[in-house]
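Novice: Sequence:
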Amino acid sequence: MSENTTANCALPLLMPAQAQKHVTVNEALMRLDGQVDLVLQSLTRITPPETVVDGLCWGVPQGAVNAWEGQGGKIAVGANGGWVFVEPGFGRRALVADQGVVAIHGGAAWVPGAVTLGQHGSGLLARQLHEDVTLGAGAWFETAMAVPPGALVIGATARVLEAITGSATSWSLGTAGSSDSLTRFGQGLGKAQGSWARGMLSPPMAFWEPTPLRLTASGGQFAGGRVRVVLHWWELRLPD
1 MSENTTANCA
11 LPLLMPAQAQ
21 KHVTVNEALM
31 RLDGQVDLVL
41 QSLTRITPPE
51 TVVDGLCWGV
61 PQGAVNAWEG
71 QGGKIAVGAN
81 GGWVFVEPGF
91 GRRALVADQG
101 VVAIHGGAAW
111 VPGAVTLGQH
121 GSGLLARQLH
131 EDVTLGAGAW
141 FETAMAVPPG
151 ALVIGATARV
161 LEAITGSATS
171 WSLGTAGSSD
181 SLTRFGQGLG
191 KAQGSWARGM
201 LSPPMAFWEP
211 TPLRLTASGG
221 QFAGGRVRVV
231 LHWWELRLPD
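Under the numbering used here, the first residue of the sequence shown is numbered 1, with each subsequent residue one higher.
Hints were generated in silico from the structure; no laboratory data involved.
Check each hint, because a few of them may be wrong.
[Stated by the list, open to error] Derived EDC-like pairs (lysine to aspartate or glutamate); straight-line CA-CA distance at most 20 Å:
no.: 1; residue 1: Lys74; residue 2: Asp54
no.: 2; residue 1: Lys191; residue 2: Glu162
no.: 3; residue 1: Lys74; residue 2: Glu27
no.: 4; residue 1: Lys191; residue 2: Glu131
[Stated by the list, open to error] Computed beta-carbon distance windows for the label pairs:
no.: 5; residue 1: Gly107; residue 2: Gly63; range: 17 to 23 Å
no.: 6; residue 1: Gln18; residue 2: Gly194; range: 54 to 60 Å
no.: 7; residue 1: Gly91; residue 2: Met145; range: 46 to 52 Å
Quick reminder that beta carbons are idealized off the backbone N, C-alpha and C, glycines included.
Start from the sequences, fold in the hints, and give me the full structure.
Specialist: So this is what it looks like as structure tokens:
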């Protein structure tokens, strides 16, 4: 920490007999505005956005380039058309917008999905992934996303974005395998736009290999449509 900034939010302090005090005060307000109820747009983007929006914040990853070069691990706060950088400390919390999860800073890096986080890095994570699946001709389609190894899956949800066409009378959501697996997260699901699925597992199920989700046509075939699929799971983080 610099002796000229505050300990937690790195707000610049006024110095004795300082000229143009409004510049320092305004910079402090911009930093504060970006960090209160902190929302990080992303933790993985390495290239700064072309247009800087005042108040929008990003978690700068290692290897970032251009205006973020050399600022890996810091929070980039958009301010006056440029960037100010703040070093987050252990226990700092933020919503990660592009992942839809809360992250806690572990002292060295952000831990997305952390519900708890111990001093040695262990923790309980609540995570989700989403994908918009475009259907074509066929009896089933699988997601590109997969259940990660070691995940304790709570369930999956889905929403029909574009009406499902074809001879199928309904569809199911699950994983490859037996009939029980194919309908694990729902069966007899609607084809109309806005139809949905909310499949909760009781008890939750642990997966030990990467496993995509499968959409299976019932009573016929798919011809088209688009479905948003979201996977929800818990994960145990190992200690350092």
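Novice: Does each hint hold? Answer for all of them.
Specialist: Each hint tested on the structure:
Distance restraint check for Lys74 and Asp54: the Cα-Cα separation of roughly 17 Å lies within the 20 Å cut-off, and the hinted pair is therefore satisfied. Pair hint Lys191 plus Glu162 holds up; C-alpha atoms about 9 Å apart against a cutoff of 20 Å. Restraint check: the Cα-Cα separation between Lys74 and Glu27 comes to about 17 Å, which is no more than 20 Å; the hinted pair holds. For the proposed pair Lys191 and Glu131, the alpha carbon gap of about 18 Å is at most 20 Å, so the pair holds.
Our hint of 17 to 23 Å for Gly107 and Gly63 holds, since their Cβ atoms are close to 20 Å apart. At about 59 Å, the CB distance of Gln18 to Gly194 agrees with the hint of 54 to 60 Å. About 30 Å separates the C-beta atoms of Gly91 and Met145, a value inconsistent with the hinted range of 46 to 52 Å.
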